[in-house]
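Enquirer: Here are the chains, one letter per residue:
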Amino acid sequence: MTRLVPFFGFLLLVALFGFGIWWNTQHDQHEIASPLIDKPAPAYALPVLGEAQRTVDKASMLGKPYFLNVFASWCIECVHEHPIMMTGMKQLGLPLVGFNYKDDPQAATAWLDQHGNPFDVVIADREGRTGIDFGVYAAPETFLIDAKGVIRYKRIGPITPEVLDREIRPALAALAKEGS
Amino acid sequence: MNPTRKRRLAIVISVIVAAVIAVGLIVFALQRNMNYLFTPSQVQQGQATQYPSFRLGGMVKAGSIQRAADSLKVSFIVVDADGAMPVEYTGILPDLFRDNQSVITTGRMDDGRFIASEVLAKHDENYMPKELKDAMAKAHQNRKIDDTAMKDTPQ
Amino acid sequence: MIPELGQFALALALILALVQGILPIIGAWRGNAALMAVARPAAAGQGVFVFFAMGVLIYAFLTYDFSVAYVADNSNLALPWYYRITAVWGAHEGSMLLWVFILNVWSVALATFSRQLPPAFLSRVLAVLGLIGVGFLAFILFTSNPFLRMLPMPADGGDLNPVLQDPGMTFHPPVLYMGYVGFSVAFAFSIAALLGGELEQAWVRWARPWTNAAWAFLTLGIVAGSWWAYAELGWGGWWFWDPVENASFMPWLVGVALIHAQAVTEKRGSLPAWTILLSLFAFSLSLLGTFLVRSGVLTSVHAFASDPRRGLFILGFLVIVIGGSLLLYAVRAPKVAKGKAFAPLSRETGIMIANLLFTTAAAMVLLGTLFPLIGDALNLGRVSVGPPYFGFLFVLLMAPAVLLLPFGPYLRWGKAEGRQLTAVALRAGVAAVICAIVAAFFADGHLRAIAGIAGAIWVAAGTLSYVVKRWREMPRGRRFPAEMAGMLIAHTGVAIFVIGVMLSESLSVERDVRMAPGETATVGSYAFRFDGVRETTGPNWRADEGEVTILSDGKVMTTMHPQKRTYSRGQIQTESAIDAGLFRDIYVALGEPMDATDVEGAWALRLYDKPFVRWIWLGGLFMMAGGALAACERRFRAKKVAAVTQANGTTQADGTGTGSLA
Numbered sequence: 003m004t005r006l007v008p009f010f011g012f013l014l015l016v017a018l019f020g021f022g023i024w025w026n027t028q029h030d031q032h033e034i035a036s037p038l039i040d041k042p043a044p045a046y047a048l049p050v051l052g053e054a055q056r057t058v059d060k061a062s063m064l065g066k067p068y069f070l071n072v073f074a075s076w077c078i079e080c081v082h083e084h085p086i087m088m089t090g091m092k093q094l095g096l097p098l099v100g101f102n103y104k105d106d107p108q109a110a111t112a113w114l115d116q117h118g119n120p121f122d123v124v125i126a127d128r129e130g131r132t133g134i135d136f137g138v139y140a141a142p143e144t145f146l147i148d149a150k151g152v153i154r155y156k157r158i159g160p161i162t163p164e165v166l167d168r169e170i171r172p173a174l175a176a177l178a179k180e181g182s
Numbered sequence: 067m068n069p070t071r072k073r074r075l076a077i078v079i080s081v082i083v084a085a086v087i088a089v090g091l092i093v094f095a096l097q098r099n100m101n102y103l104f105t106p107s108q109v110q111q112g113q114a115t116q117y118p119s120f121r122l123g124g125m126v127k128a129g130s131i132q133r134a135a136d137s138l139k140v141s142f143i144v145v146d147a148d149g150a151m152p153v154e155y156t157g158i159l160p161d162l163f164r165d166n167q168s169v170i171t172t173g174r175m176d177d178g179r180f181i182a183s184e185v186l187a188k189h190d191e192n193y194m195p196k197e198l199k200d201a202m203a204k205a206h207q208n209r210k211i212d213d214t215a216m217k218d219t220p221q
Numbered sequence: 008m009i010p011e012l013g014q015f016a017l018a019l020a021l022i023l024a025l026v027q028g029i030l031p032i033i034g035a036w037r038g039n040a041a042l043m044a045v046a047r048p049a050a051a052g053q054g055v056f057v058f059f060a061m062g063v064l065i066y067a068f069l070t071y072d073f074s075v076a077y078v079a080d081n082s083n084l085a086l087p088w089y090y091r092i093t094a095v096w097g098a099h100e101g102s103m104l105l106w107v108f109i110l111n112v113w114s115v116a117l118a119t120f121s122r123q124l125p126p127a128f129l130s131r132v133l134a135v136l137g138l139i140g141v142g143f144l145a146f147i148l149f150t151s152n153p154f155l156r157m158l159p160m161p162a163d164g165g166d167l168n169p170v171l172q173d174p175g176m177t178f179h180p181p182v183l184y185m186g187y188v189g190f191s192v193a194f195a196f197s198i199a200a201l202l203g204g205e206l207e208q209a210w211v212r213w214a215r216p217w218t219n220a221a222w223a224f225l226t227l228g229i230v231a232g233s234w235w236a237y238a239e240l241g242w243g244g245w246w247f248w249d250p251v252e253n254a255s256f257m258p259w260l261v262g263v264a265l266i267h268a269q270a271v272t273e274k275r276g277s278l279p280a281w282t283i284l285l286s287l288f289a290f291s292l293s294l295l296g297t298f299l300v301r302s303g304v305l306t307s308v309h310a311f312a313s314d315p316r317r318g319l320f321i322l323g324f325l326v327i328v329i330g331g332s333l334l335l336y337a338v339r340a341p342k343v344a345k346g347k348a349f350a351p352l353s354r355e356t357g358i359m360i361a362n363l364l365f366t367t368a369a370a371m372v373l374l375g376t377l378f379p380l381i382g383d384a385l386n387l388g389r390v391s392v393g394p395p396y397f398g399f400l401f402v403l404l405m406a407p408a409v410l411l412l413p414f415g416p417y418l419r420w421g422k423a424e425g426r427q428l429t430a431v432a433l434r435a436g437v438a439a440v441i442c443a444i445v446a447a448f449f450a451d452g453h454l455r456a457i458a459g460i461a462g463a464i465w466v467a468a469g470t471l472s473y474v475v476k477r478w479r480e481m482p483r484g485r486r487f488p489a490e491m492a493g494m495l496i497a498h499t500g501v502a503i504f505v506i507g508v509m510l511s512e513s514l515s516v517e518r519d520v521r522m523a524p525g526e527t528a529t530v531g532s533y534a535f536r537f538d539g540v541r542e543t544t545g546p547n548w549r550a551d552e553g554e555v556t557i558l559s560d561g562k563v564m565t566t567m568h569p570q571k572r573t574y575s576r577g578q579i580q581t582e583s584a585i586d587a588g589l590f591r592d593i594y595v596a597l598g599e600p601m602d603a604t605d606v607e608g609a610w611a612l613r614l615y616d617k618p619f620v621r622w623i624w625l626g627g628l629f630m631m632a633g634g635a636l637a638a639c640e641r642r643f644r645a646k647k648v649a650a651v652t653q654a655n656g657t658t659q660a661d662g663t664g665t666g667s668l669a
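Protein chains in written order, with the working numbering: chain A, 3 to 182; chain B, 67 to 221; chain C, 8 to 669.
Pulled out of the complex, with its shape left as it was, chain A reads as follows (with noise of 0.2 Å):
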């Protein structure tokens, strides 16, 4: 009988590794949450990428939700995420809006044309201070903002399907029913 000890012992250390797995895809595998979800939107004030003349900012922006994609030319997630961005993102009917985060306009401008353009508009942070009041500190970043200039949702990392699925279209949703 000592002789099964080992194995049940292994057991339950099988439950505990389970349990662990579980754990992590119930909770937020950061173990401090982002303290902008829910607070507004910072402020900000934006030249369009290759337009400088024309600005973007938070004011006119309010009145409908939309995605802002931080991205960059040498930012190799971004690469990854793009395609979700050209169909899946895109089909949301939601506005998108890029950030293009300290980066070389003209590098941008061709990373856009070679990869791809799913945005109504894109502004450019050269120097990251916009970013710096957005929490942001890496590429890729996405937030969701909605019509009072909120944000409602924020993914550090690039969209996967999953990502959409589990997170996105919920987060969507929940704003729809507000009426927001």
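These aren't lab readings, by the way, just hints derived from the structure by calculation. Worth double-checking, as some hints may not be accurate.
Unchecked claim - Here are the computed lysine-lysine pairs in the DSS-like style, where the Cα-Cα straight-line distance is at most 27 Å:
#1 A/Lys41 / A/Lys156
#2 C/Lys274 / C/Lys347
#3 C/Lys476 / B/Lys72
#4 B/Lys139 / B/Lys127
#5 A/Lys156 / A/Lys92
#6 A/Lys179 / A/Lys41
#7 B/Lys72 / A/Lys150
#8 A/Lys179 / A/Lys92
#9 A/Lys150 / A/Lys179
#10 A/Lys41 / A/Lys66
#11 A/Lys41 / B/Lys127
#12 A/Lys156 / B/Lys127
#13 A/Lys179 / A/Lys60
#14 A/Lys150 / A/Lys60
#15 A/Lys150 / A/Lys66
#16 A/Lys66 / A/Lys156
#17 B/Lys72 / C/Lys422
#18 A/Lys60 / B/Lys127
Claimed, not checked - Example chain A residues on the side facing chain B (calculated, C-beta under 10 Å, incomplete):
#19 Ile39
#20 Asp40
#21 Lys60
#22 Met63
#23 Asp135
#24 Phe136
Quick reminder that beta carbons are idealized off the backbone N, C-alpha and C, glycines included.
Mind docking chains B and C on chain A? Use the hints.
Expert: For chains B and C alone, coordinates are given in the frame of chain A:
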């Protein structure tokens, strides 16, 4: 009791005694070294009062990092969704430490401030799979690294 | 085209692994020589394809093939070629391929060097290795394929984490895996023994060299990892009880118990079930370690991918392999405690006690490592276990082992002579006490330093005493057979290690200081003069490089150049400057500029004087050398099997064995 029996009994007893001692020591050591993690709002709600030393986790509030003029003392504010906690630390901060960074500091409360004995800046766990790619956006002055530079001395 | 070949090679390897895993076992069970003979060619074939796949991946990195997503993610045009090779195993997918690659290295070695083993036994061993390969190859092909393409192909790639851009990182994973994965051989031997009902002790003798070699590699891998952490992480620490470190340390601890238990079973026949169980534990802990760092159940500074899908796959694999083996053990382990009896005072008992200490240490490390997970499960909140838990308990458990160590060789098998023991206790004890008193004068009352010296001299003197005894009593050429020499060297390594740890931990001086150019700070017996910072560049980084002059008694000893590097992708990395010495290290790391806009002004610096820190790794190297030497023992090599294979698959033992089938 015959000698084999006696020997077996002696072995069994000594193993049990050793096991009890081992378990006791393990429990003792565990209890003395368990570190709980709290967010600033949890600390403000008083959840951490029973722990003399604990870990405080949150994000570094942008613009709150202040260094003393003549010592290695640095103060900053750690925030989460609903709370903020001023932190003081004396020493060298980790490489990843900056505004908006996730941090976990170990230390104790003193009069409304958190005196940190250790500061760890964490990679966002979401990035672990892609950690080795460019996750930290930073201005890089020289995109074209000088390939003819001679200095390459990994330690 | 070529990356697809790599993928295709892996698929072929998977098929061959299946063949290798299934047919020979059936053959051994049925006594079918043809099926059994499939094992070695299948292993060779699988090896060829896996080696080819690895070659393809390395080639992709060396030729900047950014169309392969994994290459694009982990290397770029500016990365030097030697770090591009490191990048091959720098992330999850590549490290899994490395795992399978190393598994095949051991399998091919086994297939090549074990012709003398009875065919049925060898078939089973290779079959087990084949099945393990099936699991990993399937995992790679279905969840972690390094050959996936990324189109359109980026012009340039990401970067290898700068922390990994160090020579230590090039060697550490392959060597570590040689150890980790090498325990699969001992595991396979045990499974084969359980399956075949091989109750004679000869199989243990065949297993010993493989086990000792794997353990030696693991020792080297852990030493390399510790040294790398010291050199690269900028905090002067050499062990953090981090989950990833613990994942390699637990198999090592059980490995120590295993190599000693194998000695007992091989020489005396006793404790065969315990030896089998230990080998199952050792490999299980290796697999567990693989799981822990990839499943996301634990967060760690250097954990790999955290993906529930992968986690579940590995967990399923663990259940099959570990659960299956433990079940097999429960059913088939030798029921009778065979072998020669032994008295309470004997080498067997000594080894048993040491075994229990090491196994308990492994269990305690496992508990501490998993405790955050237990905390979540029991809803205790976000709890972590601080390093003192591990350190305190480890020292407590190892102290009795250190006390026992000198007696080891003097304890006779079966029944020890008290007289000899008291003699060595006296000699070693007196030496230890004298050295401790001397140390007390130099160590300023640091108790840990004194205790460390006492313990180390106790072990060293006791071991030396035995060396002298063997020298005197045995004729030339028979004094120190490989196994014995290995044991003595490894035990000496323990003494060196103890000195290194205790002295560096208690006597090292560390200061974080703020220095303006021209200022001097004193740490320990050295003066550190900060001479300012200037810019410098490397192939894929630019850095602020400080110049620090070290003076001793006013005389300039050396200048050191710590750097704060910014890599081409923006990551910041501290490159500490280390002035290495046998008896002390001087360690300088740049913190940050006191004023971010004035890089040429004052900086925060971390200065260390670390005595004897190199002895930590030196001790480890001695242990490794001991293990490697023991593996070379001629006695372990099976002689040609003369007898005829019998119908039920079991064969007569090799010509020198005792040949008692139960």
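Enquirer: Now look at each hint and say whether the structure bears it out.
Expert: Against the structure, the hints:
no. : hint                : verdict
1   : A/Lys41 / A/Lys156  : 11 Å, holds
2   : C/Lys274 / C/Lys347 : 10 Å, holds
3   : C/Lys476 / B/Lys72  : 36 Å, violated
4   : B/Lys139 / B/Lys127 : 17 Å, holds
5   : A/Lys156 / A/Lys92  : 17 Å, holds
6   : A/Lys179 / A/Lys41  : 19 Å, holds
7   : B/Lys72 / A/Lys150  : 82 Å, violated
8   : A/Lys179 / A/Lys92  : 21 Å, holds
9   : A/Lys150 / A/Lys179 : 15 Å, holds
10  : A/Lys41 / A/Lys66   : 17 Å, holds
11  : A/Lys41 / B/Lys127  : 15 Å, holds
12  : A/Lys156 / B/Lys127 : 17 Å, holds
13  : A/Lys179 / A/Lys60  : 24 Å, holds
14  : A/Lys150 / A/Lys60  : 10 Å, holds
15  : A/Lys150 / A/Lys66  : 8 Å, holds
16  : A/Lys66 / A/Lys156  : 17 Å, holds
17  : B/Lys72 / C/Lys422  : 18 Å, holds
18  : A/Lys60 / B/Lys127  : 22 Å, holds
19  : Ile39               : 7 Å, holds
20  : Asp40               : 8 Å, holds
21  : Lys60               : 18 Å, violated
22  : Met63               : 22 Å, violated
23  : Asp135              : 7 Å, holds
24  : Phe136              : 9 Å, holds
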